[in-house]
Every structure is written in structure tokens, then in C-alpha cells.
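Both chains come to you apart, so use the hints to assemble them.
So the chains spell out like this:
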Amino acid sequence: MTNFKVVDRQQLGKQYFTLTLEHPSKMEKIEAGQFVEVEVAGAKDVFLRRPISIHDVEDNRIKLLVQVVGKGTRKLAELKTGNTVNVIYPLGHGFSITGQRPLLVGGGAGIAPLLHLAKSYNAKGVRPTILLGGRTAELIAVKEEFREYGELLFATEDGSLGEKGLVTQHSRFAGDYDHICCCGPTPMMKAVARYAREKGTSCEVSLENMMACGVGACLCCVCDTDEGHKCVCKEGPVFDIRKMTKWMKN
Amino acid sequence: MLEVKLDKLTLKNPVMTASGTFGYGEEFADFFDVSRLGGIVVKGTTGERRQGNAYPRMAETPSGMLNAVGLQNVGVETFCKEVYPRIKEIDTNIIVNVSGSSIEEYCKVAEMVNELERIPAIELNISCPNVKKGGMGFGTDPNMAAQVVEAVRKVYDKTMIVKLTPNVTSVVEIAKSVEGAGADSVSLINTMLGMAVDVEKQKPYLSTITGGLSGPCVKPVAVRMVWQVAHAVKIPVVGLGGIASAADALEFLMVGARAVEVGTANFIDPTVTVKIVEGLQDYCERHGIKDINDIIGII
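These protein sequence lines are chains C and W, in that order. At position 114 of the first sequence (counting the first as 1) the number is 114 in our numbering, and the numbers step up by one without a gap. At position 199 of the second sequence (counting the first as 1) the number is 199 in our numbering, and the numbers step up by one without a gap.
Warning: the hint list may mix true and false statements.
Lysine to aspartate or glutamate pairs mimicking DMTMM-like chemistry, simulated, CA-CA at most 25 Å apart [as the list claims (entries may be wrong)]:
1) C:LYS234 x W:GLU200
2) C:LYS26 x W:ASP33
3) C:LYS26 x W:GLU48
4) C:LYS243 x W:GLU82
5) W:LYS275 x W:GLU26
6) C:LYS14 x W:GLU48
7) W:LYS275 x C:GLU39
8) W:LYS203 x C:ASP224
9) W:LYS201 x C:GLU208
10) C:LYS71 x W:GLU200
11) C:LYS234 x W:ASP269
12) W:LYS108 x W:GLU48
13) C:LYS5 x C:GLU235
14) C:LYS14 x C:GLU28
15) C:LYS44 x W:ASP198
These aren't lab readings, by the way, just hints derived from the structure by calculation. Please read all numbers here as calculations on a predicted model, not as lab measurements.
For reference, chain W alone in the conformation it holds in the complex (with noise of 0.2 Å):
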């Protein structure tokens, strides 16, 4: 009945976690069974080992959060030596968020994971507002985007999300140029660019200044974006920003997603994606629904 497909893929239902948000899905086995996911999209992976930004690096804002973590992770080698082997059993589809600071590096990393066997798909990160260097550079031109989407199409050939940044002008735009790039699929959106200050002591409260803006107080931006993007292109697209119930996951569903990525909401209540599933379930058994598919993309 929750059954999806995004492109090879298929979801047992259309809820997975957002990257950055469940670590390695470990942190999250002793609340409950993570297999019962459609799929856990794990921490952004790097070509080399990252300490992230320093501390500071999140503030509390209005119904949400802002964070600037800076992709800290152990990097794609140890990944696959060390944590692949203890997260490959878990009866899902897990996928890997690629992230770099050049086209080398995102392709180093793409290369990598396509040999594990057990990771279906990956998410390419062009949109991460925390680093210096690539990042949210790749997802703000269209060309730069193609360019890196085309250059990992190459080493890649299992199912690519591309991961859009909603701080551009016009993500139909970009969306259009990564599907025409070989992208099998976009997610979005991710953080939007954004700043707090602490008026105590007279200083932003992130060591970055900015950081990335997450939580419910994105939803109806991400949602208007999921709309938009998913009526200009013909790959599927996940929505994700501030879903924090299975009502928030049906409105991306209906302007289009095919499946959706639950964030920040995991840090409030780390049980909630299971929730979703069975939110899911449940309306789906009120309105008569027998395929969620009927009602993707009916508005």
C-alpha cells in the first residue's frame, strides 16, 4: 500500500531520514526497528576525513534550528572499511550523501561507494551551505551543477539523487539542468542560508555566522519549491524540509514528491519517522486509499 519506486529503487514506503540528521542509522537501533524505513540516507560523506566548523555551531531559532556543522565526517575510505561492514545487514535501502569541494572529490567518493554492494543509491550534496569550498557552489549555477552531476554520472551507475539548495533564484532551473546532467532523481530542499545574534553579548551565536536554517518554520518554502520543481521535470523528486508528522509528509507527496526525507524533527522526538509510517498507513486506510501512489502529485 506505501510501496514506491524512485527510479530503480524501490521504497517498502516513502519515508526516509535526511542526511546529517540520523548519523549512521546506529544511533537511532535502540529506539526502534530502523528497517521499517523506506530508506536512511546517511551523513555526508567527504573524500578525506573533516573536523567540521568549530563550536558554536547551532542556535535554537522560531520553530527550527540553525546549523554549521561543516560536513564533519570520517571520510569515504574509513566508511567503507569501517562503517559500511556494521550498517550493511539493515533490511533497507541505505544511501550515501556524497559531498566535496571539487568534481575530483565528489567523483572519488561516487567510485567508492558504487563498489558496496548494499548501498543501492547515493544523494549528491551540492548544496551545503557550511563549507567554504564546493558545496552549495555546485548547486547554485546551473552549469557547475551539470558539470559535476555529468562527471559522476560517469563513475556512478546506480541510482543518483541530486540534492538541490533552495538559496537560488530559480531551483526549476537547476533541477532542469542536473536532470538533463544524468541525474536520476532530485531531493529537496535543503537548509536555507540564514543568521541569528545573540544581543547579550553582541556577536552572532555561530562560529560561522551563517548557517543553515532546518525545522518546521522551512516546510512551506520547501513545499512551494517540491511543487514547482516536480511539475518541470520527469525524474521523481523527494521533498524534505520540516516534516515532522505524516500530514507534513502527505502535503510534499501530493504537490509531487515520491518519496520524502524527515530532518531536524528526528532531534525532538527520535521515533518520529516510524510515526510517519504509520500516520501513513493510517490515512491512507481512512480516505480508502489502496496505493499512495494516487494521490502523488495531485495538486
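Bound conformation, chain C alone (with noise of 0.2 Å):
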């Protein structure tokens, strides 16, 4: 449990923003597809931590990219410059970071481990492929940051970036890849893994349940695998699809 300062914010669109927290002193090691579960002060109504993924990591910093849906989002969405979060992390464990022709496939607020574990790929000397969808280029809230680090390329609903479809339409998707990594709508995630099934491509997919406690504690966030209920928090929220197939199917 850390109190980090808030350092920058960004309003990204009408449903995004983005918060930089800076750690007091030197911060742990953060694996790409981690999360933090942060407290939500001044909210009458709200109880628990939210669990935020943790959009990039730099020196002492950490970037969180936050969708608002709800209470908890609204209120932290009234953080500004200067005041203090208290945060737990680094929850859960993360992508594998393997293979030489990665695809990272996100979408909505799924693109917000991607960039982090873009960076990941990079330090290892890998480039990915980038393939970021939203129903339109607005609700992707994250772009060009991501350029630098990989082919990138884009998916809408409405055609009004990249190529018009799902991710899954996309005429790059179906490519030469070794290893998928996915983060984004329930939907998105099962087409994608059901794909990396048929294809035999390694394939991890990081879901998100709603949580109590972020530690494996209370049980509550379970997600149904083949091994029975497993912790989203703690067992995830990272997952190798190969033990993934009854969720898969549902």
C-alpha cells in the first residue's frame, strides 16, 4: 500500500483520461497485464477499491488509463495535479512476454496493458503487431503513443479509422503471428481466443471481473476455467487460453 501523487491528467474524450502517479521512492518491478486496486477517498457510497490496469511504467511512475462506468470511475475521474491516491499494486501476474511475431489485440479500455507490454516486447527486441478496435476512432482513447513501439493498426465499427469491421475482420489478423496477447470485451476476447485455438497460436487473454479484495482473498472475482473457479485477481487476470476452453465456449 503506497500514497502516490498524482502528477499529470489527461481527459481523453468524453469516457477516458488518463492518471500518472508518481511513487514516493523506487517502485517495485511491474510485469505488463498487472493492475492496481485503487482507493476511492471523499465517495460516500463507495466502498471498495477499484482495480485500474496499468497503462505504462516509467522510472517511479505509473500511467493508469481509466475508463469512466460507473461511481468509483466518476470520482476518481475528479483527481487533479498534485493530490495523493493511495494505491496497491503490483496485483496480480501479467503476460508472458514470448514469441518473435506477437500480435497485441485491444479493445476499448483492453488497450490499456498493451502499451506497457508493447515496451516489454521492445526491451526484449521484439516488435509486435499492434492491432488497437473501438466501435469508433473517438472510443479508442489511446493512439499514436503506441507507434513507436510496433506496426500499428486500427479497427472500427463505423470505418472512421483503419480498416471498417472487428479486430477480428481485420485483413491483418489472420497473419504469420506466433503468439497473441488480448485484452478488451468479453466478446472480442472469446473470438480472438477461439481463433488462436483452431490456428494452434499460443494465446493469452487478460479478463476482468468485478473485485473485492485484488489479492486472491475473498474469492469473489472467480472466472470459470478448466482447473474450476480461479481468481481474476490473483490467478489472472492474465490467463493462458489453453485452460481457458470451457469459458471459451460460453
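What follows is the structure in C-alpha cells.
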């Protein structure tokens, strides 16, 4: 548990904002795909912390990309530069950073962990293909920041950016990749996972469920894996699809 | 200064964790030295492995939350073989919460846990609201409660704490009944049966429709029930329900709880229990109290 200082806040369209938080000293190492539990102070009807995925890491700073979806994130959106925010970090286990020709697929708020992920691949000398999707261009909250770290492609349902259609319909989706990492809406992740399974490509998905503790104690955020209920917070949020046959089908 | 006794157990301080909110203790070892606590009540353990209820199992509510986990756990055999060796060196009282759907199941778990040298006590859970069979069914009927306690008493010879449900007309009646049946202590309250509806989706938030309410919202009810029970039974009472600070813990101690358990607050602040220990120490110093037992049951 650490009190971080808000050093930057950017509004990205109507629904999204980023918070850059500074650790008072040296931060623990953060894997791409890990998340934080942020305390929501001063909101009388918000009781629990909110799990937020880590978008970017630099020295002693983390950047969170947040979508306003309810009363908790609405309150977090009020944070300003200079405010202090209590954070439990880093939580869960992240992506394995395997493969030489990886495809990173993100949709909606699910693009958040992909920036740190792309950078983590770069650190291993690998330049990933990054495919970001959304209903409209505006709903892909972060775009150009990715360009430096891989080949950047877009798919939008209204055709306002990149190819028109879903990420799975993109002409480059069915390429020669040796690993796929995916984070986004559940139907999108299931479609990507089913494709990877059929093609025999290894694939990891990053799930999101409502959480309480964030450390695997309360057993509230479970998902259905082939090995039974697993905590998204602790055994995930990143899961290898080899263990997710049941989840994929439902 | 903070040492208390619970039957044969000596607790270095009155602060324990509530079952189902602290895993097996290991989950919190990254945050602080868990041996500083008076006790750790580990996850509810049943005769066989249980998958628990379907997601969603949790809903946030004003000053609290509803859960419907449904006793997901590895089962007593795996607990004894795999979990116990990992946690037995933790230098505090490790207490196993014993759950089941039948008297036989409660007895099976209690009997196996009785063999574990470093487990000095069990908390018999006759109050889980989230399982279809057994659970709270045993805790809402004084005769059923006595029957399960008597049966477990025959196979378990260490300290038996019986965890009571608030979802009854008279908690005192149940407490007296389990005292008569051989319980060494009672802990209360388990969660209160509740429900919440997502009006946008026009359906309940929980897959099970109803679930157990916990958190600060239940505290006044818990304090009242602990006060009633502490004045009605001779065995020591463990108080829980919405404790999130030393002041909250003190309320329970003053109305008669010998020790307390901290539950849902662990989810907000994983170090809250040790802060409560420090807060009790500080309170005693500020008020010139040499022995915490001096304030237990003053109301």
C-alpha cells in the first residue's frame, strides 16, 4: 500500500482519462498486464477499491488509463495534479512476453495494458504488431503513443479509423503470428481465443471481473477455467487460453 | 497488556481475522507480519473440495458489500496435506473454520483438523447463508444447532468456537443452546442475508439472488447482538461485524466480546488488522489501562 502523487491528468474524449502517479521512492518491478487497486476517497457510496490496469511504467511513475463506467471511476476522474491517492500494487500476474512475431489485440478500455506490454516486447528486441479496435475512432482512447513500439493497425466498426469492422475481421488479423495477447470486451477476447485455438497459436487473454480484495482472499472475482474457479485478481488477470476451453465456449 | 484468553487459547491480543476474508493468511504476508495478530481464522473448509457459486458473487452496497462465494475451498484433505504444512509455522493461533452440509461432514472435517498439532481451535460455521444445504440451516434452529455441536464435541477435543448467524429471531436462544451442547465459545455475527438489484439490467446483482451483507453497515446490529449474547452466556464471546478501526473493536470489547474478528475491512486496507492492534495499545496507554481485560464487558 503506497500513497502515490498525481503528477498528470489528461482527459481523452468523453469517457477516458489518464492519471500519471508518482511513487515516493523506488517502485517495485511491474509486469505488463498487472494492475493496481486504487482507493476511492471521499465518495460516500463507494466502499471498495477499484482495480485499474497499468497502462505505462516509467522510472517511479505509473500511468493508468481509466474508463468512466460507474460511481467509483467517476469519482477518480475528479482527481487533480497534486492530489494523493492510495494504491495497492502491483497485483496479479501479467503477460509472459513470449514469441518473436506477437500480435497484441486490444479493444475499448482493454487497450490499457498493451502499451507497457509493447514496450516489454521491445526490451526483448521484439517489435509486435498492435491491432486496436473500437466502435468509433473516438472510443480508441490512445492511438499514436503506440506507434513507436510496433506496427500499429486499427479496426473501427464505423470505419472512422483504419479498416471497417471488428478486429477479427481486419485483413492483418489472420497473419503469421507465433503468439497473441488480447485484452478487451469479453466477446472480442473469446473470438480471438477461439481463432488462436483453431490455428494452434498460443494466446493469452486478460480478463476483467468485479473485485473486492485484489489479493485472492475473498474469492469474489472468479472466472470459470478448465481447472475450476480461479481468481482473476491473483491467478489472472492474464490467462493462457489452453486452460480456458470452458470460458471460450460459454 | 493486550493478552486475552479464549477458553484454553491464549491470544497475544484480541484481534483475529474473520474467515473468508483473509485466505490462509499467506495472501497478506506481503503486507505485514501476520504473526502479530491474536489469531487467524482461515477460509471455511468442507469435507470435499467445493467450487462455490457462479459469478457474479459480489455487489458493492452503501458502506458494505454482499457476497455469495458459497464456501469455495480445497476441501479438508487438501487443506491438511498441502495448506497446513505451508502455514503451520505462523506464530499465532491458526483457527480452521469448519463448514458442512450435514452433521457427518462437520464431524469429518473436525476430526481431521483435530489431528493437526498447530491448529489449537476450530470455528464451527453453522451460519453460512450462501449454501443450499446445511450452513445457516443448522444455525437458525436451536435444536439443530445443539445437535451439530454435540456431534462435533465427541470428535473434537480442543477449543470449539461456534459461529452464529444474525438471521434469527433470537440469537440469545441459539447461543444458549450451543453453550449447553458443549461449545467453548461463540463468535458472532456472520453475514446478514441481503439482496441488491441492478435496475438497468433489471435483475439481481448476485447469481444466487440473495447473499451475505458485511462491512461497516452491519456493525450496530453486530454490537447489539454481541451485547445481548455476552450477558446471556458464560462462555467467552468473539465479536465481529463491520470492524474497521480500533474504536470499532473497542465497542465490541466493551459490550462483552473477549476477542474480535476483522473481516471485510481487510479488502479495503490489507494492513487494517495490525493497525487495530496498534490502536488498542495506544488506547490503553492513553487511558491508563494496564490490562485490556479491564474494559471487556463494562457495558
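*asked:* Next pair to validate is C:LYS44 with W:ASP198; report whether the Cα-Cα distance is within 25 Å.
replied: holds, 19 Å
*Quick one, are W:LYS201 and C:GLU208 close enough, alpha carbons at most 25 Å?*
With Cα atoms ~19 Å apart, W:LYS201 and C:GLU208 stay inside 25 Å; holds.
*Please work out if W:LYS275 and C:GLU39 have their alpha carbons no farther apart than 25 Å.*
Given pair W:LYS275, C:GLU39 holds - Cα atoms ~17 Å apart, limit 25 Å.
*Pair hint C:LYS243 and W:GLU82, alpha-carbon separation not exceeding 25 Å*: Between C:LYS243 and W:GLU82 the Cα gap is close to 22 Å, so the pair holds against 25 Å.
_Does W:GLU48 sit within 25 Å of W:LYS108, going by the straight-line distance between their CA atoms?_
Holds, at about 10 Å.
*Are the Cα atoms of C:LYS5 and C:GLU235 separated by 25 Å or less?*
violated, 29 Å
*Decide if the proposed pair is consistent with the structure: C:LYS234 and W:ASP269, CA atoms, cutoff 25 Å inclusive.*
Distance ~17 Å between C:LYS234 and W:ASP269 Cα, so the pair holds.
*Given the proposed pairing of C:LYS14 with W:GLU48, does the C-alpha separation stay at or below 25 Å?*
violated, 50 Å
*Assess, step by step, whether the Cα of C:LYS26 is no farther than 25 Å from the Cα of W:GLU48, and give holds or violated.*
Answer violated: C:LYS26 to W:GLU48 is near 45 Å, above 25 Å.
_Satisfaction of hint between W:GLU26 and W:LYS275, Cα-Cα up to 25 Å_ = holds, 18 Å
*Pair hint W:LYS203 and C:ASP224, alpha-carbon separation not exceeding 25 Å*: It holds: about 21 Å lies between the C-alpha atoms, which stays within 25 Å.
*Hinted pair C:LYS234 and W:GLU200, Cα distance within 25 Å*: At roughly 30 Å apart (the allowed maximum being 25 Å), W:GLU200 and C:LYS234 break the hint.
Of the hints listed earlier, those the structure fails to meet are numbers 1, 3, 6, 13 and 14, in rising order.
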